[in-house]
Amino acid sequence: MALSSESIRNVPTGPSRKGPTGIEPARVTAGQPGSDKGTVTLEGDTARIDARGIYYKTLNEQIREALDLGARTVILDHVNGQRYIGAGLHAQGVTLVVNGVPGNDLATFMDGPTVIVNENAQDGIGNTMNSGLVVVNGDAGDVLGYGMRGGRLYVRGDVGYRVGIHMKAFGEAHPVIVAGGRARDFFGEYMAGGELILLGLGESDDALVGSYVGTGMHGGVIFLRGTVAEHQLGKEVGVAEPDAADQARLEEVVGDFCRVMQLDATAVLAEPFVKLYPYSHRPYGKLYAY
Amino acid sequence: MAELTFVRPEFRVRIDRETCIKCGRCVHQCGWSVYHLDEEGRPIPDHAKCAACHRCVTFCPTDSITIEKNPLAYKDSDSMSPAHRKAIWRQAETGGVLLTGMGNDRPYLRIFDHLLLDACQVTNPSIDPLREPMELRTFLGRKPDFVQVAMGDNGSGPRLLTELDPQLKLETPIMFGGMSFGSVSLNVHRALAMAAKESGTYMNTGEGGLHADLEPYQDHIIVQCASGRFGVHADYLQAGAAVEIKIGQGAKPGIGGHLPGEKIDEQVSTTRMIPQGTDALSPAPHHDIYSIEDLRQLIYAIKEATGYKPVSVKIAAVHNVAAIASGVVRAGADIVYLDGFRGGTGAAPTVIRDHVGIPIEIAIAVVDQRLRDEGIRNRASIVAAGGIRSSADVAKAIALGADACGIGTPVLVAMGCHVCQKCHTGCCSWGITTQRPELTRRLDPEWGAERVSNLVRAWSHEVAEILGALGVNAIESLRGSRERLRALGLDESTMRILGVKPAGVGH
Amino acid sequence: MTDHFRRDADSAARGLNRIGEADRRSAVRRYGGLPAPGSRVPDMGPRPEYSAEAEERILGGCGLMGVCDESGGRMSGELAVRSMASMHDRGNGLGGGFAGYGIYPDFPHAFCFHMLYTDDASKDDTEYYLARHFVVLHHEPIPTRPVRGIQDEPILWRYFLEITDQRLAETQLSAEDYVVHAVMDINAHINGAFVASSGRNMGAFKGVGFPEEIGQFYRLDEYQGWTWTGHGRFPTNTPGWWGGAHPFCLLDYSIVHNGEISSYGINQRYLEGFGYNCTLRTDTEVVTYLFDLMLRRHGLPVEIACKALASPFWKDIDLMPDDQRKLYSALRMVYGPALLNGPFAVVLGMGEGMVALNDRIKLRPLVAARNGSTVYVASEESAIREICAKPERSWMPRAGEPVVARLAEGVNPAASRSGEAFEVAASPAAVA
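Residue numbers (my numbering), protein chains in the order written: chain A, 1 to 290; chain B, 291 to 797; chain C, 798 to 1229.
Pulled out of the complex, with its shape left as it was, chain A reads as follows (with noise of 0.2 Å):
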């Protein structure tokens, strides 16, 4: 009679490595846990860190004790893909410069400071951020500003999908996006506050937004310079050529976009905008049957 199939199976496989033997890891990237800790040089009350392969959790453990110690202004260098830079600080008069391409959620939860970053950003910037400045002297991302309910966030170049998405205001609290490049679909959705101001710089292939801008809107409102297409807007969206309240407004806006990025705030006034505003602040009243 042939074994039955358990017998056979029951001869061990032979000698093997079990259990955590071997070599340690290498630690080659900054996205890597680790406890290395970058150079800090503090000058005045201007503090520079190295933060080449240094992992987020301790770069931003950096700044915080550079900040405690005097710093008003935090230079990171070397930055790659560290998460969370200046996620939930809340402080007033502070600058973080960013010189490399920082991670995802940059300047979540902030609150008062302005950050600078020389690089390409990642996406999910200003995620429910409440006050303060980011500037990205780049392209940015997808989903930024997410429930941004305060504070400023300055793109130079292009933004992906769903930016200014639940953009919202309240009370005081007044959020703003500008991107002086193209912006993918989705942009403003589900708005409800804030200003999104969009200006199409420079020459690209790209059209100037894509698809669903300002589906779900219902609030705040939408500049776009240049011209959009019926097809390309959500259902609850009405177009309108500013007046000359939201001409003033983008004088304001713009202009102060125009400074921080060193840009001919007039030549860039020149061109015609246009104003994306909601229908209605309830916009699925009718949606329901009784």
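A few of these clues could be false.
Capping the alpha-carbon separation at 25 Å, the derived lysine-lysine pairs in PhoX-like fashion look like this [to be verified]:
(1) A:Lys275 - A:Lys235
(2) B:Lys487 - A:Lys286
(3) B:Lys459 - C:Lys1112
(4) B:Lys339 - B:Lys359
(5) B:Lys459 - C:Lys1123
(6) A:Lys235 - B:Lys459
(7) A:Lys57 - A:Lys168
(8) A:Lys235 - A:Lys286
(9) C:Lys1123 - A:Lys275
(10) A:Lys235 - C:Lys1112
(11) B:Lys376 - B:Lys359
(12) B:Lys553 - B:Lys339
(13) C:Lys1187 - B:Lys487
(14) C:Lys1123 - B:Lys593
(15) B:Lys459 - B:Lys593
(16) C:Lys1123 - B:Lys487
(17) C:Lys1112 - C:Lys1123
(18) A:Lys235 - B:Lys376
(19) A:Lys286 - C:Lys1123
Where chain C lies over chain A, by a calculated footprint (3+ residues, C-beta under 8 Å) [to be verified]:
(20) 86-99
(21) 138-150
A few chain B residues that don't get close to chain C, going by computed Cβ distances all over 12 Å [unchecked claim]:
(22) Arg302
(23) Glu329
(24) Pro351
(25) Asp353
(26) Val437
(27) Asp455
(28) Pro550
(29) Asp569
(30) Gly706
Keep in mind that the hints were calculated from the coordinates and are not lab data. For clarity, every value in this text was computed on a predicted model and none was experimentally measured. The C-beta atom is built at its ideal place from N, Cα and C for all residues, glycine as well.
Dock chains B and C against the given chain A, drawing on the hints supplied.
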């Protein structure tokens, strides 16, 4: 003095004499002549005639009428129920076949009510259908196994090399089931045609021909060719967006039709191309189809006559439906229209309506699986009808494998039908299943169209909500995705046939 | 088949073909002999062990990357490992993996099977099967080094395989279909054996661990390839099975995937109609098979296949010029069941190069960059900057718009150019 009958009235009409203002409206509104006025001008009901259609209740200006079930007690017997006893009495009195309208009302297991849909949590996001795109557009018709594409050289874009067969384009996976002019009024047909156009879908003429008034809507009309061939001629076949060959109907599989001569008025006569006052008899089978190769012959005859428009074949859900559907697809049908045993009818023998056929849920599951097993699922679309009551049923039918759903009864209900099941009497107080001019004029086609369009819009919204919860934004990602269904309280073999796991089992 | 491909008697003798004979008995005992690839097997006895380890489909998030030098310049696998390491926190240590192309220049035309075995018995059975149905040019353990954190690894072995003309003639299959059937046979029917990859001049290196640990474990710094893809996994439960890590491979196609395929149910049923067994309890598997179906068997250009998998919206199709509208409408009508719905970013590695694709409303992150002839894609821009500090250009791919890196003509002679092999007969629908 009427002849003695044991069958006591099913309902009792109660009139509040304190509030009744004797306006007589109930007398005029009732299509069954329940009321007459006594010498003091008070409406007196004949309970036996009442169908509980609520026409009088709805139009009584003082809300003085209500209809109650006759509380008359019968000696208990689960086996010989009062319904059985009444049926026997009626047949003993008349020697006749019991006739009824609408769909099967017996308490068989309702499988749709034992199926639950999935939703996304954490690992994949649900999608917000109000703001994000949500696509319900559906194409019915034969699809090739694959397509060939030539990539453009020097700047020209890619080009499609495969020629696709013509398709029906539906903006929502809901279409209207076949209901003939004759069984329903011309105003119903007008309303359905307008609603089909408004909703981006199709109405179906049923087998009573196409009235000239509907010609402006012909891009949204499927014309039916049934065994009676009423009103069928080359121009009629050409007129529709597609042609449906009706083999059977869920309410009465294997049974023909009989529209009594009284309903053949001038308009019906012209449309059906038969003399006024003669009975319109539909044979049980097509007498040019005694086998599957004959069906193929008719399908291609119609294709030849129409310049190859899509041909739908409507079959009742019966025990061997999977094999039949496979044959129908191989015979060249572009659409298989499955009609479940709960589907409605203008008139059918009660014994057939209530005891023949299988549920549409089962039919969808076995037909979809069979066509997949044979590698021909893409050759025809499946339309599921006969027992669709809500958007949830639509979503579940599509998840089981249907491309779209056909609805008949819900459309009539939207226009006022109260499902009194008396369509065969031609007395419909709501002006729907009647040709009596004083009744048909009650249904304003514009009003009816608006209500039907509202219904389709509302259901489409709800299907979109379901898709959003499922985390998909196109109906084709739900179609046949039984993985998104779970069964609650179904037995093992039913679940196996449906291809659905029990609730509580993960992916 | 080229001359180069033909085996000679010596290579056969060096290969497994003798070993297989010796161990035939155990397989015969268990299965009564294994059928040839492509023959129908109704019931093959016990279920493979991996299905017991992953009772349910495993879901989760991830990070991914891909790099391809279109000129055919070969890069160390260390590059891919470093890029993935920078996205450590996108995974949770329960799965990491890489695919490398151009890494086996000694056997550029042989199908290389990377095998994971739970025990010797599964290895014996598989070797018996391979020896029966293939010519084994060479086989060896996949070299590893012990890395702390990587444990309980399966037996890892690789085989360089050819198929004789005679076998192809007997089965009337193309070499590719022959291999697909063999992979399905082994994965579905040999207990404890799993084919991690089965392409030419490529291999998948994957397991349970963080990607940088997996990369060091497999000594990827010692390989040179013109395309690399990488993946770090964040599954929502704790699988112990190495086969569940990405990439998922079939022939030259490898897929790393971030996100979840919400349309899995219908994608799977569609693929079953074309003979693919979706048994791996992961939604990613369907992506690999869909690409195999559409590129290899239906002969669609990869750009077009991507437009079917992540199709444009009807709203936009309606606005297209006539011939484009016709094309995109047809793609949606015919390939509706193949539409990948739900959030995803995938990188497809293949013999001809690399393709990255996002879902149609871009619910998962993806960044691309180009520097000279090298194309980079990753979940985060920093993962690209980690291995290319200043790319000439970086951009966010549009939703549903593939990023295609195509190897220059002649770099990979084994690659079958899509659109040429048009195997109509491979579709059961076509022969029915």
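Do the hints match the structure? See the list:
1. A:Lys275 - A:Lys235: holds, 15 Å
2. B:Lys487 - A:Lys286: The hint holds at about 23 Å.
3. B:Lys459 - C:Lys1112: holds, 14 Å
4. B:Lys339 - B:Lys359: holds, 13 Å
5. B:Lys459 - C:Lys1123: holds, 13 Å
6. A:Lys235 - B:Lys459: holds, 23 Å
7. A:Lys57 - A:Lys168: Distance of about 30 Å is beyond 25 Å: violated.
8. A:Lys235 - A:Lys286: Distance of about 14 Å is within 25 Å: holds.
9. C:Lys1123 - A:Lys275: Roughly 35 Å separates the two Cα atoms, so the pair is violated.
10. A:Lys235 - C:Lys1112: The given pair, whose Cα atoms are some 13 Å apart, holds under the 25 Å limit.
11. B:Lys376 - B:Lys359: holds, 15 Å
12. B:Lys553 - B:Lys339: holds, 20 Å
13. C:Lys1187 - B:Lys487: Answer violated: C:Lys1187 to B:Lys487 is near 57 Å, above 25 Å.
14. C:Lys1123 - B:Lys593: With Cα atoms ~23 Å apart, C:Lys1123 and B:Lys593 stay inside 25 Å; holds.
15. B:Lys459 - B:Lys593: Holds, at about 18 Å.
16. C:Lys1123 - B:Lys487: Measuring from Cα to Cα gives roughly 23 Å; hence the hint holds.
17. C:Lys1112 - C:Lys1123: Answer holds: C:Lys1112 to C:Lys1123 is near 14 Å, not above 25 Å.
18. A:Lys235 - B:Lys376: violated, 57 Å
19. A:Lys286 - C:Lys1123: violated, 36 Å
20. 86-99: violated (count 0)
21. 138-150: Contact hint for the stretch 138-150 of chain A vs chain C: holds, 3 residues under 8 Å.
22. Arg302: holds, 51 Å
23. Glu329: Given a closest Cβ separation of 67 Å, the condition holds.
24. Pro351: holds, 49 Å
25. Asp353: holds, 48 Å
26. Val437: violated, 5 Å
27. Asp455: Non-interface label fails for B:Asp455: nearest chain C Cβ at 10 Å, not farther than 12 Å.
28. Pro550: About 44 Å separates B:Pro550 from the closest Cβ of chain C, which puts it past 12 Å; holds.
29. Asp569: Since the minimum Cβ distance to chain C is about 44 Å, B:Asp569 lies beyond 12 Å and the statement holds.
30. Gly706: Consistent with the label, B:Gly706 stays out of reach of chain C, its closest Cβ about 34 Å off (over 12 Å).
The structure shown violates the earlier hints numbered 7, 9, 13, 18, 19, 20, 26 and 27.
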